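Here the sequence shown is numbered in my numbering, starting from 2 and rising by one per residue.
A couple of the hints might just be wrong.
To be verified - Computed list of lysine to any residue pairs in SDA-like fashion (alpha-carbon distance at most 20 Å, straight line):
1. 132 / 161
2. 41 / 78
3. 90 / 150
4. 140 / 88
5. 90 / 169
6. 93 / 143
7. 106 / 130
8. 98 / 46
9. 137 / 124
10. 110 / 49
Source of the hints: derived by calculation from the structure; they are not laboratory data. Just so you know, these numbers come straight off a predicted model, no measurement behind them.
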Amino acid sequence: MDRREVIKKIGFSFGAATIAPSLLTVLNGCDFKGKDWHPKFLSYQEYEMTEKITDIFIPKTDIPGAKELNLSRFIDAHYQLMLSSAEQKNIKLLMKKFSDMLLEKTSKKKLDEVSTSEYENQFSRLLKADKLQRQKWQKTYNQYIKEFKNGKASEPLSNDINSFIFLDGIRQLSIWGFRNSEYIGEKVLAYDPVPGQQKGCVDLIETTGGKSWAI
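Construct the complete structure from the given sequences, taking the supplied hints into account.
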């Protein structure tokens with residue numbers, strides 16, 4: 002499977018995620034890539050699940066995938082450095098709801114017993130659900146968060162809603178991390194460290210071979 006097919010399969014929408022530029026130093030830092038690295042926010046079980054998810058989203062093909070680019074480490078750093086205390090508690094809850102849903106749907110007792118294909122089945126069921134259904138899940142979640150902040154939330158959200166929100170968030174973080182990693186920026190996307198004159202209306206095929214600009 003080549004990169005184009007991977008992107009088509011997962012349904013990536015490049016540019017969907019907006020992350021603080023300061024995380025670039027984390028994503029491409031030397032300490033971030035070391036063998037002695039350990040998660041700062043996620044538990045080891047949560048980290049292993051995150052690594053599994055990102056590797057399914059962006060597997061290694063002719064170029065490095067999520068595991069080779071350390072995207073799960075980037076996500077751990079994002080959760081630790083960029084989220085408020087309340088947001089951190091919420092992401093932990095979303096991860097718990099997703100893992101509960103995954104075990105229930107697969108009739109497994111432990112996450113390490115869940116196969117890649119079983120993960121993919123749930124990704125397809127949630128992330129490729131009908132557009133109206135996905136919009137409904139997002140709207141319901143947004144309304145719940147609004148009511149929760151005002152102390153008015155009553156009915157708990159379903160595992161499907163929580164799982165969709167969780168997966169969509171990791172998908173967007175993975176996209177951003179993938180696009181902004183040093184390797185992809187310099188080796189895959191169109192890259193010019195010392196750009197010349199600016200030309201507004203040009204044919205992308207003629208100028209970069211159809212590649213997006215890294216910067």
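Now the hints, each set against the structure:
Between the alpha carbons of residue 132 and residue 161 the distance comes to roughly 15 Å, so the proposed pair stays at or under 20 Å and holds. Proposed proximity of residue 41 and residue 78 is supported: the alpha carbons are some 7 Å apart, at most 20 Å. Of the supplied pair hints, the one linking residue 90 and residue 150 holds, its CA atoms being roughly 13 Å apart against a limit of 20 Å. Taking the CA atoms of residue 140 and residue 88, the gap is near 18 Å; set against the 20 Å cutoff, the hint holds.
For the suggested pair residue 90 and residue 169, the alpha carbons sit about 18 Å apart, so the restraint of at most 20 Å is met. For the suggested pair residue 93 and residue 143, the alpha carbons sit about 17 Å apart, so the restraint of at most 20 Å is met. Using a Cα cut-off of 20 Å, the hinted pair residue 106 and residue 130 holds, with the two alpha carbons roughly 16 Å apart. With a CA separation close to 14 Å, the supplied pair residue 98 and residue 46 stays within the 20 Å bound.
Of the pairs offered as hints, the one joining residue 137 and residue 124 holds, with about 17 Å between alpha carbons and a cut-off of 20 Å not exceeded. Distance check on the hinted pair: residue 110 and residue 49 sit about 16 Å apart at the alpha-carbon level, within 20 Å; holds.
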